[in-house]
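J.: Sequence:
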Amino acid sequence: MFHIRGVVLPDGRQQDLWIDGDRISLTPVEGARTLDGAFVLPGLVDAHCHPGIGVDGPVTLDEAAAQAETDRDAGTLLIRDCGVPIDTRPLQRRDDLPRIIRSGKHISLPKRYIPNLGLDLEHPEQLPDAVTEQALAGDGWVKLVGDWIDRSVGDLAPLWPDDVLADAVKAAHDAGARVTAHVFGEAALPGLIDAGIDCLEHGTGLDRELLDRMAAQGTALVPTLINIENFPGIADQAGKYPTYAAHMRALHAGVGDMIGEAIDAGVDIYAGTDAGGMVAHGKLPDEVSALHRAGMPAEQALGAASWAARAWLGYDGIADGRPADLVVFDADPRDDLDVLRSPRHILLRGRLVG
Numbered sequence: 013m014f015h016i017r018g019v020v021l022p023d024g025r026q027q028d029l030w031i032d033g034d035r036i037s038l039t040p041v042e043g044a045r046t047l048d049g050a051f052v053l054p055g056l057v058d059a060h061c062h063p064g065i066g067v068d069g070p071v072t073l074d075e076a077a078a079q080a081e082t083d084r085d086a087g088t089l090l091i092r093d094c095g096v097p098i099d100t101r102p103l104q105r106r107d108d109l110p111r112i113i114r115s116g117k118h119i120s121l122p123k124r125y126i127p128n129l130g131l132d133l134e135h136p137e138q139l140p141d142a143v144t145e146q147a148l149a150g151d152g153w154v155k156l157v158g159d160w161i162d163r164s165v166g167d168l169a170p171l172w173p174d175d176v177l178a179d180a181v182k183a184a185h186d187a188g189a190r191v192t193a194h195v196f197g198e199a200a201l202p203g204l205i206d207a208g209i210d211c212l213e214h215g216t217g218l219d220r221e222l223l224d225r226m227a228a229q230g231t232a233l234v235p236t237l238i239n240i241e242n243f244p245g246i247a248d249q250a251g252k253y254p255t256y257a258a259h260m261r262a263l264h265a266g267v268g269d270m271i272g273e274a275i276d277a278g279v280d281i282y283a284g285t286d287a288g289g290m291v292a293h294g295k296l297p298d299e300v301s302a303l304h305r306a307g308m309p310a311e312q313a314l315g316a317a318s319w320a321a322r323a324w325l326g327y328d329g330i331a332d333g334r335p336a337d338l339v340v341f342d343a344d345p346r347d348d349l350d351v352l353r354s355p356r357h358i359l360l361r362g363r364l365v366g
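When we follow my numbering, the leftmost residue of the sequence shown carries the number 13, and every step to the right adds one.
Rather than coming from a laboratory, the hints here were simulated on the basis of the structure. Bear in mind that the values here come from a model prediction, so they are computed numbers and not experimental data. The beta-carbon is built from N, C-alpha and C at its ideal position, and this holds for glycine as well. Any given hint might turn out to be false.
What the hints assert, rightly or not - Label-pair distances were calculated between CB atoms; the ranges are:
no. : residue 1 : residue 2 : range
1   : Arg-163   : Leu-364   : 50 to 58 Å
2   : His-135   : Ala-187   : 15 to 23 Å
3   : Leu-364   : Leu-38    : 13 to 21 Å
4   : Asp-328   : Arg-105   : 18 to 26 Å
5   : Leu-364   : Pro-173   : 37 to 45 Å
Please model the entire structure based on the sequences and the hints provided.
T.: Right under this line is the structure:
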């Protein structure tokens, strides 16, 4: 049992919180241990994370657990896995690891995504059935690969016909799941948005017209800015495909302007690191800072990695009787986002884990 007195975000009011078991209480709990700290946030959220993927592809369950521990120790207490090739349900049963929302396997086509990570379909027309299968196997999300390099044309290209996408998104919604898609370039975007997709990952090719459409229909964006920083290196290794290399460099150069346009358009933007593979785990504070540098106000960037992201994913913030997933800081992260790098206390399911 614990007692915390501090400024609770996002309300910004001084408040006393007691932790009774795994729940928050606004009623004093006798014998509670008082914890130091002045500012209290709902547990941080990495909305695009891959516990189960390493630099060489799929990892063991023990390695995935270690990745999740690294995220937890940085204050991330809720993860949307955004596609992993292994079954991480055993990790969900561990009280010492972040809560994980599973999205099943990436759905792709042969040679149109990173080898050994996705579910490769023989024909695009199989997509609606595959989406239904992954929706039923996951926790309310399905992940598509919307575009990838097509070596026959030497550039990014869509994987799916527009009519198939529309049927697939409907199939997911009928199964009670939301759909997101990996997408870098421009060509795949209209079909994904027209299909009524719920979220886009990366979205570096978005323009203002498409962003306005996303805002109008409630399609969210998780831009993974710290992963986009890898685009120039990817281009440098793509000497056989100069058009693709130039395209990746251009997308990298324009991502800051795209985020500014997305903010102006009113698109819901959430923080995701794309940890696993090219990005190390535990880097959520870096993503929050990157969103701020791209023009997002500090408090909005915090919400994109905390209370707003939790609400979007169907999880509670700080309230009486709600789960005690909290991060406590000595200073106000709204004034200095670097404060996120040094949590005073981390409480997960009411247990002090950091």
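J.: Going back to the hint list, which numbers does this structure go against?
T.: 5
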